[in-house]
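Q: Sequence:
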Amino acid sequence: MSEAPHASRNLAPIIGLARSKQRWHRHPMTPSAEPSIADPPSWYAARAASGRRHPKLRGRLRVDVAIVGGGFTGVSAALHLAERGYAVALLEAQRIGYGASGRNGGQVSSGQRRPVEELEAAHGAVTASTLWDLAEEAKALVEERVARHAIACDLKPGVIEAAHKRRHLPSMRRHVEFMAERYGYARLSFLEGEAFRERVASPDYHGGIVDEGAFHLDPLACLRGLADAACAAGARLFEGSRVVRVERGATLRLKLEGAEVEASSALIACNGYLGDLEPALAARILPLNNFVVATEPLGEARARALIRDDMAVCDTRHVIDYFRLTADRRLLFGGGETYGFDFPDDIAAFVRPYVLRTFPQLADVRIDHAWGGTLGITTSRLPCFTRLAPEVLAVGGFSGHGISIGTLAGRLVAEATAGQAERFDLMAKLAPAPFPGGTRLRRPLLVLGMLWYKLRDLV
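Using our numbering, the letters of the sequence shown map in sequence onto residues 1 to 459.
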C-alpha cells in the first residue's frame, strides 16, 4: 500500500469525475507478499515514532501458545496469555499493526456490528443481551488498558451516527428509546435538523444519534502500546515472520521460511490477511478494502466548525462514510470500498468525492495523506470465533468493530486456553456461515449484492 501519487491535490474536482477516470492496481502487500518491517503509509504511521522493532524469528522455538497475526486480537491474546504465565510467541508477517488494526478510522462504537433489534430477532433476547454485554465489556477493556499502560493514543469520547436519508430518523429515534428502556443504556441522544447540524456541519445529513459512551482513538498508537505491554508481560513478538503452514499431528508445528515453532496450542488471528493459510476459515471471512484520507491541518476554528464537539461520525449508508478530527486538526475521512486486493492508483482522487459530498466547504483544502486497508467481513457481520482443531483457535471477521471486539477476543482466547472456554464457545456457536460460492465466486456475488445496496443508498 502506498500513498496516492497526487495526494497533495486540492479537493476541487467535480464529484464523480475522479472516479470515472480511476485506474486500478493489484495491491502489492497481499498475504503472499514478501515480509517487510516498513509501515504502510498513513497519517498514523507518519506521525508515529519509529516504534519498537521486533526481530524476525530464526531457527526453532518451543512455546505454550503460538499466535499468528499482530493485530488487536493477536496482541491482546499475547498480553492476556503472558499475564497468566504462558510462554507466548506472536508471529507477524509484516509489522505489528500492519493490517486493518493499524490503518482504520479509529472509531470504537457501542454494540456489535448489527443492532440489538436485529440480533434479538435472529438469536433471541437472551443471546442478544449477552452480545451487548460483551460489546460493552470490550469498550471498557480498551479504555482500561489504555489507562493502565499509559498509552498515548488520543482517546476521545463520542461517536455520532448520521442519517443520510430523512426516512431513517423515526427508526433512529425508536432505537434510542429502545436502548434506554430495554438495555438501560442511557448514553444515546437523538437530534435532527438544525440541532444536529450544529454538531456536524454537513448538508448531507438530516439528524442522527449521539453516543457519548463510544469513543475514538489513534489505532496504531493504541495497538503498539498494547504490544509494548505484552512484551513487558513476557510475550515474545516477531515481525517479518510469515507462517506458511500449520501442521497438526502428534505435535503442533507452525512452519515459517527458515524457522519453526512447536506449540501446545495456537491462535490464528489474520482477519482480512488470512490468504490460504486456513481455507476453511477463509471461506467465512471476506477481505474488503476501505480507503482513508487526511487533509492538511485545518486550524482549531475551522475544524470545530465542521464537528463541534470533536466526536467521530459515521453515516447510515450501506457503504458508510466515516470521519473525525485528528489531534493536529486534520479531517480524517474514510469512504469507498473494494473487494479482494484491488486498490485505486490515486486513493486521494477516489475518496475526494465522498469528502466533498459531506463537506462541500472543503473544496480548497489539500489532502496530505491517503491510504487503504483490508478488513474482514462475514455473512452475518458477527465475528467468527471457531476451533479449527481442539488445540487451534481462530478469530476474525470483525466487520469494522475490530478495535474493541478484537481486543476482547484476546481475553476470551486466554480464558479458553486456561480451560474457561464458556464465553469463547458461546461466540463459536454464532459463527457465521461461509460465503456462498466459496472463495472463488463469493467476491463477484458480493459485488453484485453491494451494488444493490449502493443503489438503495441513492433512493
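Think of the hints as simulated: they come from the structure by calculation, not from any bench. Mixed in with the good hints there might be a few duds.
Unchecked claim - Here are the computed distance ranges between Cβ atoms for each label pair:
(1) Glu391 with Pro170: 21 to 29 Å
(2) Arg366 with Ala140: 50 to 58 Å
(3) Pro55 with Arg248: 56 to 64 Å
(4) Arg148 with Glu192: 26 to 34 Å
(5) Glu181 with Ala38: 35 to 43 Å
(6) Ala121 with Arg62: 26 to 34 Å
(7) Arg387 with Arg148: 28 to 36 Å
(8) Glu257 with Ala121: 45 to 53 Å
(9) Ala363 with His318: 22 to 30 Å
(10) Ala150 with Arg84: 20 to 28 Å
Glycine is no exception: its CB is placed at the ideal position from the N, C-alpha and C atoms.
Q: Confirm or reject each hint.
A: Here is how each hint holds up against the structure:
no., hint, in the structure
1, Glu391 with Pro170: 21 to 29 Å, "violated (50 Å)"
2, Arg366 with Ala140: 50 to 58 Å, "violated (38 Å)"
3, Pro55 with Arg248: 56 to 64 Å, "violated (27 Å)"
4, Arg148 with Glu192: 26 to 34 Å, "violated (39 Å)"
5, Glu181 with Ala38: 35 to 43 Å, "violated (51 Å)"
6, Ala121 with Arg62: 26 to 34 Å, "violated (48 Å)"
7, Arg387 with Arg148: 28 to 36 Å, "holds (30 Å)"
8, Glu257 with Ala121: 45 to 53 Å, "holds (48 Å)"
9, Ala363 with His318: 22 to 30 Å, "holds (26 Å)"
10, Ala150 with Arg84: 20 to 28 Å, "holds (22 Å)"
Of the numbered hints stated above, those contradicted by the structure are hints 1, 2, 3, 4, 5 and 6, listed in ascending order.
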